[in-house]
Structures are given as C-alpha cells and as structure tokens.
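Now for the letters of each chain:
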Amino acid sequence: MADEEDEKTRLIRRQSPQAQPPPLPEDETEIPDAGLAKPTRVLDWMMNPEGESDEKTKLVGPARRAVKTEPASAETSSDGGELDPVVGWLVVLSGPGRGNARRLGYGQNSLGRDKGERVSLDFGDGSISRSKHAFVLYEPRKRQFYLRPGDGANLTYLNGDLLADSRPLNPSDVIEVGATKLRFVPLCGPDFDWEDQAQPPK
Amino acid sequence: MTPLAMTAEIDFAGRQSVGKRAEQEDTYAFSEIPARPGAATGVLLVVADGMGGHSAGHRGSEMAVRNFVRAFHQGGETMHERFTRALDAANEAIAAAVEADPVHLDGMGTTLLAVAATPLGLEWVSVGDSPLYLWRRGRLRRLNADHSFRPVLHEKVASGEMTQEQAETSSLRTRLRAAVNGHEIALVDMPRTPLPLLEGDIVLAGSDGLQTLSDEAIGEAVARSADAEASSLAVHVVQAVLDAQQPKQDNTTAAIFKPPADWLFAPFAFAAPAPEPEIVVDDSANTTQRIVPRSLRSSSQAGDHPAPDP
Numbered sequence: 001m002a003d004e005e006d007e008k009t010r011l012i013r014r015q016s017p018q019a020q021p022p023p024l025p026e027d028e029t030e031i032p033d034a035g036l037a038k039p040t041r042v043l044d045w046m047m048n049p050e051g052e053s054d055e056k057t058k059l060v061g062p063a064r065r066a067v068k069t070e071p072a073s074a075e076t077s078s079d080g081g082e083l084d085p086v087v088g089w090l091v092v093l094s095g096p097g098r099g100n101a102r103r104l105g106y107g108q109n110s111l112g113r114d115k116g117e118r119v120s121l122d123f124g125d126g127s128i129s130r131s132k133h134a135f136v137l138y139e140p141r142k143r144q145f146y147l148r149p150g151d152g153a154n155l156t157y158l159n160g161d162l163l164a165d166s167r168p169l170n171p172s173d174v175i176e177v178g179a180t181k182l183r184f185v186p187l188c189g190p191d192f193d194w195e196d197q198a199q200p201p202k
Numbered sequence: 203m204t205p206l207a208m209t210a211e212i213d214f215a216g217r218q219s220v221g222k223r224a225e226q227e228d229t230y231a232f233s234e235i236p237a238r239p240g241a242a243t244g245v246l247l248v249v250a251d252g253m254g255g256h257s258a259g260h261r262g263s264e265m266a267v268r269n270f271v272r273a274f275h276q277g278g279e280t281m282h283e284r285f286t287r288a289l290d291a292a293n294e295a296i297a298a299a300v301e302a303d304p305v306h307l308d309g310m311g312t313t314l315l316a317v318a319a320t321p322l323g324l325e326w327v328s329v330g331d332s333p334l335y336l337w338r339r340g341r342l343r344r345l346n347a348d349h350s351f352r353p354v355l356h357e358k359v360a361s362g363e364m365t366q367e368q369a370e371t372s373s374l375r376t377r378l379r380a381a382v383n384g385h386e387i388a389l390v391d392m393p394r395t396p397l398p399l400l401e402g403d404i405v406l407a408g409s410d411g412l413q414t415l416s417d418e419a420i421g422e423a424v425a426r427s428a429d430a431e432a433s434s435l436a437v438h439v440v441q442a443v444l445d446a447q448q449p450k451q452d453n454t455t456a457a458i459f460k461p462p463a464d465w466l467f468a469p470f471a472f473a474a475p476a477p478e479p480e481i482v483v484d485d486s487a488n489t490t491q492r493i494v495p496r497s498l499r500s501s502s503q504a505g506d507h508p509a510p511d512p
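Line by line, the protein sequences are chains A and B. When you line the first sequence up against the numbering used here, it's residues 1 to 202, in that order. When you line the second sequence up against the numbering used here, it's residues 203 to 512, in that order.
Take the hints with a grain of salt, since some may be wrong.
[As the list claims (entries may be wrong)] Listed next, with one range per pair, are the computed distances between beta-carbon atoms:
no. : chain 1 : residue 1 : chain 2 : residue 2 : range
1   : B       : Ala428    : A       : Ala101    : 48 to 54 angstroms
2   : B       : Glu225    : A       : Gly189    : 28 to 34 angstroms
3   : B       : Lys450    : A       : Pro171    : 57 to 63 angstroms
4   : B       : Gly240    : A       : Asn100    : 57 to 63 angstroms
5   : B       : Glu283    : A       : Tyr157    : 29 to 35 angstroms
6   : A       : Asp122    : B       : Ser416    : 37 to 43 angstroms
7   : A       : Ala164    : B       : Glu294    : 42 to 48 angstroms
8   : A       : Pro140    : B       : Gln447    : 38 to 44 angstroms
9   : A       : Gln144    : B       : Lys222    : 50 to 56 angstroms
10  : A       : Gln144    : B       : His306    : 56 to 62 angstroms
11  : B       : Gly240    : A       : Lys142    : 46 to 52 angstroms
12  : B       : Thr365    : A       : Lys142    : 49 to 55 angstroms
13  : A       : Ala101    : B       : Glu301    : 52 to 58 angstroms
[Stated by the list, open to error] Listing some non-contacts, in silico: residues in chain A with all C-beta distances to chain B over 12 angstroms:
no. : residue
14  : Pro96
15  : Phe123
16  : Gly124
17  : Tyr138
18  : Asp191
[As the list claims (entries may be wrong)] Taking beta-carbon pairs under 8 angstroms as the criterion, some of the chain A residues facing chain B (in silico):
no. : residue
19  : Gly107
20  : Lys115
21  : Leu137
22  : Glu139
23  : Asp151
24  : Asn154
25  : Leu155
26  : Tyr157
27  : Gly178
No wet-lab data here; the hints were simulated from the structure. Ideal Cβ positions, reconstructed from N, Cα and C, are used throughout, including at glycine.
With the hints as extra help, turn the sequences into a complete structure.
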C-alpha cells in the first residue's frame, strides 16, 4: 500500500491557509518558479524527501491566488519555430509603428491591437479593434493567402477598397486597418512552402 | 456550411482505464463551444486527475471538471477570460467541499487540463502534470508545462547535481508543484496566443498514466492509427499503455481530437452564453466518467465506451 501510494499523484503540500504567506512581489510575472528558484534547498529536500516531516509541508509554490502564465516551451511561443513557422509578414507602411513588421503563420492570423493577438498591432493606433479586426489566412493546399474582415464594426480596406468578404491577397497588397497601412510580404506561395523541405523547419 | 453540419464533422473521443488501481480518479469531459451564427463550433476538452484518500480523488476530479465546464460556458469575451473564470470556479468548488467535509475530503485536489480547439487554433490552461500532446507529421510533441518535479529533477541531472539514476528513482517524480485543491494555485500554464492547427494534426490530452510510455512510444501508437477515427485511436493509445504491463499502472485517460480540414479556415466567435448550459454527467460505467452535452452525444461517437480493462 505504501509502495502504491508512492506512485500516486500527490501534491507537495504547501503551508496551511492559516499560516502567514511570505511577502511576494506585486508584479506576479516576477514570481519565480519556486521549484527552480531555490535549487539548493529543494535539492536537499529531494535527496531526502521522507526526512523532516516539517519539510514536506513547506511552501513549494508561491502562496498567492493568482493565475500566472508559465510559458510551456519556446516551441509554442509566437516567435515561430518548428510548430509555428513564418509564412509571410505584414509591414507597417504608415501610422504608429511605421517601419515595424509582424509575422504571419499557417492558418488564421487575427489582427488586433491586443498583445494576445497573433498579429498584435500594439503600436498605439487606438482605432484598430482590440481583437479580430481582420484575419489573414494562409491555406497551404492552394498556397494562397486570403484577407477576411473581422467580427467588429471597424472596417478594413484592401488596396483602398472596402473589404466585404474574404479576398485573395497578392504580394505588395496594402491592407488598411484604423489609421494604419500594412504591406503584405509573402514568404510561402507557389514557389515555396515549408512542406517542400525534406525536414520540417528546425 | 451550417454550424450544425460542422458539429457533426468534428471527430473526438476519449477512453479510460483504471489500470491497477482500486478506483478511477481521472475524469474527462468534452463539451461543444457554441459559436455565433455562421461561425464554426469549437470543442472544449477537460481532463482532471484527482488525488486524496476516501474517494476524494474521484470526487475532486469530477467536481473540478463539472464546475469548470459550467463556468466556461457562462461567458467571457476571450478564451483567457473564460479559462480564468472556470479555473477559479473549479478551485472554489473544491475549497467549499473540503470545508464542508474536512474529515473525508482533507487533501482533495486534482490536476486540471482544459483544451479549447477552435478554427483559430489550440488554447489551453493547465495546472499539474496531465499531458497535452500534438501529433504532427509523424512526431509527437508535448505542448503544456509539466508541474510535477520531473522537469526539476531533469534540471538537476543536467547540471550534475544529481545522477540520472537518482532522478529516475526519486519518489518526487510524480509529485506535483501545483494542483487545484482549493488553495492558491501555484503555477498555471496558459499561453496568450492560440497555436494554429493544421490538417492532419492529432491532439491528445490525457492523464499521467500515459507516461508509462515514453513520448516516442506514445507517438508510435498514435502513428499506427493516425488515419483511424478518434474513438479507435483513443482505444489504441490506452491499449498501448496497458500492453506495457506496468505492475502499478496508474489510471489512464486518453482523449483525442482531430480537426477537420474544412473547419480550420472557418470563422469562429463565441455565441452569446446560454443561461443554463446543458451538461450531462454519466458515470454509469464505473471505470469511466464523462460529461458531454446531449447535443454532441447524439451527433458523434464521443466517449461511449471505456477502454477494455484486461
């Protein structure tokens, strides 16, 4: 029974709720991963986990009711890489952020000024919708890009024309959202797709 | 294409085995994410691996899943907002239950992995060590963070502070650095942007009982049935774990989602929240717990049989 217990999922118990939690920084993003933050103490305890019973109840995670994002791995960040390779870019031609570029990936790329958008136009143009102002789609079977209007009331223009439904995107097309003009620069297309490569991109 | 037609095409299924344990402490649920008219339906998948004595493990995971799903459907403009609210609801439900019956439920808690698949991509919130995998073009990758001590031990081995053998035999391997147990949640993995899904992708969410097999072996099991329906794929994955004949095999859950090709480019936006979303709990088979809205159960093969226990 004791053996079986060892294999079961168990939580390293933290301090009881009555106990005073240690002071923590206000900015929750600065809370370190406790397991990795105090290697020496945790290591001692790992080598002798059944030792001091007091040690078992020590705080292992920060005692704070806060939803904290721990990045899963570099692979799942939107900086590209193996799981989300770049297929093209949107370059800011005019408006706040002029001179910057944002990457496009496979599938649906949502444009908005929120930082959580896949194409985050967070340069200070408040007339861009927070989320889903428009979408740029890359469809790998036909190797074709499309521009589609978003969910909100804010309008999108393609080469000066109001966008009413999904339209194919061509190199050098100009997309207008709010007071920002974006030039479309494809990487993938008829002459290149990551699928062409013998190995997936590393 | 109508949203209803898209719902019928979405292929997902889950299977479980109790393993060599006395009780099934894993709970999983699939739930439709209703979309605005003209948009495609998404799928919410929740897996929880409970802990605690006196059946608290079983009750904790079931309670967390049920409350998570209910709160998720009560609204929120972004997936982030819905996940955060739902995780809080699950945690508070457990806190209230432990407070009401501390004698039996002290120590009750659970891992919680919730995955939302929409045409915009895969989003998840994860507390604990229930793994989320993406199988793409022959390779299986783990997507979510592991809140057990496995990564910490791995780090110690890498820096030479511990030997591989010490790490592999450490009783800490399966212990958790974070859980949903009614207290503050120490670690939450919730990426900010969706991971886009591609045609042919297979999403596998489960409990750590799957990790009897290496990631490579799980990938091979998926590859052998990659073209099969989600229901047989889930059976094959659970069977591959049981075939390893681990003498102390933990509860094992495998839940599969296969995105349909024409769904990937459909628009998605949340529907207005229903006042009382329909959630059906069915634990008539004592090795399986499922929570699936009736509308989905009638239009798919989701979670209808537990995996055979040898």
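*Mind listing which of the numbered hints don't hold for this structure, in increasing order?*
Hints 1, 2, 4, 11, 17, 24, 25, 26 and 27 are the ones this structure does not satisfy, whereas the remaining hints hold.
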